[in-house]
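Engineer: Chains F and X, in that order, are what the protein sequence lines are. No gaps in the numbering here: position 540 of the first sequence is 540 in the numbering used here, and each next residue is one more. Quick note: to get the numbering used here, add 635 to the position in the second sequence (first position is 1).
Check each hint, because a few of them may be wrong.
Claimed, not checked - A few chain X positions that, by computed beta-carbon distances, are all more than 12 Å from chain F:
#1 664
#2 755
#3 796
#4 850
#5 879
#6 921
#7 977
#8 1008
#9 1136
#10 1172
#11 1183
#12 1214
Claimed, not checked - Coverage of chain X stretches by chain F, computed from C-beta distances (three or more under 8 Å per stretch; other residues unrestricted):
#13 816–828
#14 1025–1034
#15 1173–1181
Everything labelled a hint here was simulated from the structure, so no lab data went into it. Note that the coordinates shown come from a computational prediction; the quantities given were computed from them, not determined experimentally. Note that beta-carbon positions come from the ideal geometry of N, C-alpha and C, so glycine has one too.
Number of protein chains: 2
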Amino acid sequence: MLRIALGQMEVFPGRPDLNTRTMLTMIEEAREQQAQIVIFPEMSIPGYFLGDTWEQQSFIRDCEEHGRLVVEASAGMCVLFGNVGVDWNKVGDDGRTRKYNAFFIAQDGRLYQDSQFPYPFRIKTLQPNYREFDDDRHFYSLRKLVQDLGKNIGDLLQPVVLNIAGEPVKLGCMLCEDGWSDDYTVKPIASFHRNGPVDLLVNISASPFTLGKNNKRNRVFSKQVKDTGTPLVYVNKVGMQNNGKTVYTFDGFSTVYNGKGEIIDYCPPFLSALKCVDLDLNSKGNQQTPVIVPDDHDTGSIYQALSYGIEKFIASICLNKVVIGVSGGIDSAVSTALYTRVLGPENILLVNMPSIYNSETTKDLAARLAQNLGCRYTVMPIQEVVDFTIKQISQTPVVDLQGGSQFDLAVTPLAAENIQARDRSARILAALASAFGGGFTCNANKSETTVGYSTLYGDHAGFLAALADLWKHQVYDLARYLNEHVYQREVIPQKTIDIVPSAELSYEQAVDEGKGDPIIYPYHDYLFHAFMERWHRATPEDILTWYSQGSLEKNIGCEPGLAGRLFPGPREFIADLERWWKLYTGIAVAKRIQAPPILAVSRRAYGFDHREAQNGTYFTAGYLRLKEQLLGKNI
Amino acid sequence: MLRIALGQMEVFPGRPDLNTRTMLTMIEEAREQQAQIVIFPEMSIPGYFLGDTWEQQSFIRDCEEHGRLVVEASAGMCVLFGNVGVDWNKVGDDGRTRKYNAFFIAQDGRLYQDSQFPYPFRIKTLQPNYREFDDDRHFYSLRKLVQDLGKNIGDLLQPVVLNIAGEPVKLGCMLCEDGWSDDYTVKPIASFHRNGPVDLLVNISASPFTLGKNNKRNRVFSKQVKDTGTPLVYVNKVGMQNNGKTVYTFDGFSTVYNGKGEIIDYCPPFLSALKCVDLDLNSKGNQQTPVIVPDDHDTGSIYQALSYGIEKFIASICLNKVVIGVSGGIDSAVSTALYTRVLGPENILLVNMPSIYNSETTKDLAARLAQNLGCRYTVMPIQEVVDFTIKQISQTPVVDLQGGSQFDLAVTPLAAENIQARDRSARILAALASAFGGGFTCNANKSETTVGYSTLYGDHAGFLAALADLWKHQVYDLARYLNEHVYQREVIPQKTIDIVPSAELSYEQAVDEGKGDPIIYPYHDYLFHAFMERWHRATPEDILTWYSQGSLEKNIGCEPGLAGRLFPGPREFIADLERWWKLYTGIAVAKRIQAPPILAVSRRAYGFDHREAQNGTYFTAGYLRLKEQLLGKNI
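Generate coordinates for the entire structure from the input sequences, incorporating the hints supplied.
Structural biologist: Have a look at this one:
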């Protein structure tokens, strides 16, 4: 029986000092609990998402220095942890000091090293460069190292043999992606087992929360364990890390699998705490009683990740107050309910900013929301300044300094809508946030972010877009969840959930007449999802192919028969498809470049994991042929 | 003698249709000129910086389809080009269809293939993942492929043997980075030569303009050629491509090196044109007369890259008019002179937006600039709305809906400064741009972008930040260059160059009293450069080490003795250092996340090639020790 301490710690990115302090405390705690091994996550000392901080030599020296403190603290036990491994005598492909994403094994005050491996640490074999990961930019992989050494992967993927209580224990040391080898030609787990049985697989991870990820991980990891019969301990970090444009939560959820692939224990998600587990490494250990883990694919998980992410992000930028512009609509209401839960109503200032286009209905709903939550509340109308601005733009003469003539400019109705949106955010919210001593939120959702249905420097602005990874239908689900499960009363007025979503920037968008957004969410949410979230991203060519084959709804996941009901024929279907595709690949890209950080929950959020260029719209030759087939030559 | 046509084409990213059309036209032209080989750049069909467009299967099928058109056009000649190479039966590490960054060789209507290589194309060996490059995210490298096949790199790095006019010609086919192998353990050129002499090295590239890059390329490539005695043809694309946040120009500058490493011909930079060159492949060819290439490390090159980049970027987003807020200061003046050159004065609307803090001096300079260039001009004061906003924020009561009490908020002087800046950009410039039918520019420079000395949604806003990769001293150099060399008269008033740079947002920044920015450009430009542009990025630990060793100015490149004159002692030096480091790693990160696209000229521009997380400020343990040494314990 091996007593293992899972060091599911909160890692602060770029703070070796704080992280080392946490590790030293947890090591003491593990010692008191007579743990024989304590395991910390991948990159537990430096943090993982650090951008180009890795290019600072003084920073990597600092990581090494803090790593030595952890090694020194390992007297009488074994400490496994993640840190950057540096080879000061070699360079990486970029000519900078060579760095590895490394797995350190310390025992009795010394680093473990054996003749199998050229360094006193093991290194990551599979380096992800998709999604939010960027490992190849900074770290030299084992695949490159073996090539340089003229060896095979298997030569360097050997178990580490520890002596614990006088017994040899063979460990297969993996870093995160090493356990997700399905799509790779290299299989670390198989390599460890090549020369005989292994006692324990250890996977130290820095794996962000993604809706449904843990369900998948448990399937993938259980299968690997079953195939080899070797128990596995997975240790993941908690906390918040970001890539600038995208903010990720780390959910921990560290898990112990017995040799049959059953989960015998796990750490609660989003909780920084050490947990001791007794694991029987013998095959008898497969009788250890399995436990049931919670599902992570429901609205409750979204709520948990968002509220945790907001809390950690706000703390990291030292904010403790926020201003939220409340319109009476669904997005700002959900935003308010979330932030209020995190910061308390006394730190939330809600402001309603009506123009002549705002209905009594929505103004009333905004006030009711504030009342229900007990926040600070004020009303600051924008009409006066909007009118002044339109007049100033259209009545100040412009001089042609070549010809000497003068002319006036005109403000179009669309321009007037944008003036309102910018007046609310850039004039009032920004100034109000500063006066209140906080930031102001961006309440955009993923549907409008996809097609740029927002105003730059207007409703698109803010310090964080906490809902921008939720499709509109998920925002509604979250609204209901907040009322039913979090507050257990109607804090978001039911009418806010029921009325037509509208920006109320003109009489064309009058909610009381049932007029609102041009996006038909029950269909477009799924169309946009197909453009954006599918692993093989869909384009108009795919969409039109599915449409012409009658398999559209099945492929994109919306209600069966919906496209047929919405569009009388292919001409209307194509016009709609091209309209949104042009926006998604056109002006929306320009807007996203200047968007606030987005809090990620899905498999793909905008920002760092949606690399995009302002390249304009393209229709493939295959699309154009299909369109011609459907519409005839005269398109 | 081999007649080679260099297809230095403008590549439109994400537009296989347009690029193929260009290639077919150039192939015809090359045929008319009796060229035996025509060479196009890397990724000439799809373009290079496409973000995650590579994840659209219909797009990569479309690239293949267009590639076949180019192959069909190769009757009677040999066409070398870059495209994505797809293996539909394999996956990449991300589980998506496997894609290679590939070099295609077409001859007489067919693709070349030999038994040395598993595909009818060659693939990139060295995939850069530093700077603006992201190859590993999308493409499977030769290094991984040989590992999968259980081969050595050299097995797959064999020359291609073409039959040209009845003679065998051995080609070493390289893609861009393959020619920059200094920091790599794999050396493609050496591999090609392993089994005997090679007749010609061909490097097809997608290499963005960087100040001084061509000087370096000519040194590196000449040396490689000299070492092997094999002539080399380098073909690079022209045009503009972007990664969203950063906009790159491609300068072409395709070059032919004889076997002695001398340049015997080159294509003019930034020009889309086919050029035929007769190259003698025999050693006699080393007598072909060398030519002198222009230097690319001066202000003239900066001007060329910026004006080309502005022209192409504006065209790509279908803008033909811009609005520029002109303050009378240097940044907006340089911006105006650049845009006017590209678009003509009739398409430029300049607006001066004074508050009570703007001096007659600068208002006058703004008008004079407009006059000198003959632009459209108007004046729109902001004071009325600024006063209204301050009053609205501070005099509208806020209600505490829990306690029922009311309170007022206060607007601080700093908040009032930001209100002015946002009023100018988000209220006036954005509305004015819309009324004028164009976009408005962001005139920020790199110095202020580094430390966030700007207002979000204020002077930080715009559709493009064309000067944001220039340090303040480079902006002054460019101002002088524009007057002396471009316009050859004083379009930027000399006084704009001479007065103290100032934001004029308060009486503390009164230019007529010589008061202005808190940044001391002759020193801080170089300090910030050390933080940001050094290959091994400097941190306070490095800076303080150099300071304490007396080697600061030498290391950062500013005027000798400057730090000693500016700071009486270490206490003042350290206070200044920490102030700017905190801004650079703090609030400035948040501002850059929402910054407009930046036009790159340096080795590192902000945006895609300055990956950063909002992680706050960190001082290494080494820094803190050194600081304590210098200041004593009581710091």
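Engineer: Does each hint fit the structure? Answer for all of them.
Structural biologist: Consistency of the hints with the structure:
1. Residue 664 of chain X, annotated as away from the interface, keeps every beta carbon of chain F farther than 12 Å; the closest lies near 24 Å.
2. Distance to chain F confirms residue 755 of chain X as a non-interface residue, since its nearest Cβ pair spans about 21 Å, more than 12 Å.
3. Interface exclusion of residue 796 of chain X from chain F stands, the closest Cβ pair being 27 Å apart, more than 12 Å.
4. Distance check for residue 850 of chain X against chain F: the nearest CB is about 18 Å away, which clears 12 Å, and the non-interface claim stands.
5. At roughly 5 Å from the closest C-beta of chain F, the C-beta of residue 879 of chain X falls inside 12 Å, breaking its exclusion from the interface.
6. Listed as outside the interface, residue 921 of chain X is consistent with that label: its C-beta sits roughly 31 Å from the nearest C-beta of chain F, beyond the 12 Å cut-off.
7. No beta-carbon of chain F is positioned within 12 Å of the beta-carbon of residue 977 of chain X; the least distance is around 17 Å.
8. For residue 1008 of chain X, the condition that its CB be more than 12 Å from all CB atoms of chain F is violated, with the nearest at approximately 8 Å.
9. Distance check for residue 1136 of chain X against chain F: the nearest CB is about 25 Å away, which clears 12 Å, and the non-interface claim stands.
10. The Cβ of residue 1172 of chain X does not lie farther than 12 Å from every Cβ of chain F; its closest approach is about 5 Å, which violates its non-interface assignment.
11. Under the 12 Å C-beta cut-off, the non-interface status given to residue 1183 of chain X relative to chain F holds; the minimum distance is some 14 Å.
12. Chain F leaves residue 1214 of chain X outside its interface by the beta-carbon criterion, the shortest separation being 17 Å against a cut-off of 12 Å.
13. With 5 residues bearing a CB less than 8 Å from a CB of chain F, the region 816–828 of chain X meets the requirement of three and the coverage assertion stands.
14. Only residues whose beta carbon comes within less than 8 Å of a beta carbon in chain F count, and the region 1025–1034 of chain X has 8; three or more means the coverage holds.
15. With 4 residues having a Cβ less than 8 Å from any Cβ of chain F, the region 1173–1181 of chain X passes the three-residue criterion, so the hint holds.
The structure fails to meet hints 5, 8, 10 from the earlier list, while all remaining hints are met.
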